[in-house]
Amino acid sequence: MTAPFAAIETATAATAVAALANVDATIGATTVTGIFDDGYAEAFGMAAGSKPTFTCNSSALPAITLGTTEITVNATDYTIVEMQDEASGITTLMLEAQ
Amino acid sequence: MPHVRQQIREAVATLVTSLSTTGTRVFQSRTYPKQESQLPCLLVTTNEEAIAPGSVGTRQERELTVIVRGVAKSAGALDDTLDDIAFEVETAMATDPDLGIGVAGMELRGISVDFDDETDKPVGVIDLNYRITYFTAAGSPGSIA
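Line order of the protein sequences matches chains A and B.
When you line the first sequence up against my numbering, it's residues 1 to 98, in that order.
When you line the second sequence up against my numbering, it's residues 1 to 145, in that order.
If you are wondering where the hints come from, they were derived from the structure by calculation, not from laboratory data.
Hints may contain errors.
Listed next, with one range per pair, are the computed distances between beta-carbon atoms [said to hold, decoys possible]:
hint, chain 1, residue 1, chain 2, residue 2, range
1, B, 20, A, 37, 31 to 39 Å
2, A, 83, B, 38, 25 to 33 Å
3, A, 9, B, 109, 48 to 56 Å
4, A, 82, B, 101, 44 to 52 Å
5, A, 24, B, 129, 47 to 55 Å
6, B, 50, A, 63, 55 to 63 Å
7, B, 143, A, 70, 58 to 66 Å
Given the structure is predicted, the values throughout are model-derived calculations rather than measurements.
The C-beta atom is built at its ideal place from N, Cα and C for all residues, glycine as well.
Could you put together the complete structure from these sequences and hints?
Okay, here's the thing in structure tokens:
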């Protein structure tokens, strides 16, 4: 039996992703709905840029090879370089511009 | 006449301008992050300076640390780009050991490299640490003695 709070946490997380989703991304042949964020970021205080991430339900993701698998968001191609899996069933992908 | 520190910084910036990798993207200010269109670039800064009384009269011996910092942002081959920058800077600096203003010595003291992957493409920096030796008369920091 699934622990009651874990079930609530997972359901809540999935609902949150669905409510906040702002984009359909493409990973290979799979379309994944999720939250794309590309806020301002700096490196060393010397180089400006952004920090693109894509957050979605973990169950919606196809197999991913870090550093190789590409994701297309808003017609821009990125490489997935890091995955942060949350116990609640949400995954955040860290993206690298090409 | 500006302080010799400024004269040195400007002379170094001139020496390292128009290199193959960094072109004219040479900055003498360390404020404000650079946009991707301004990279790869060089930042030339004058830093700490040790001053010792000279052996003759009031002449002061000064040892100034100058950092030539290369900054690059790339999804690939970032190490190669940084090493290219070091090669080009070292070669250029060696063409004019007195910087055209009569400094007594210039020595490359070390190179350090660092990376940051917190932005949309990895950013790398390479610091070439130079020690510039020059002399001034006490109270006359604008002229090499």
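Legend entry - Hints the structure fails to honour: none
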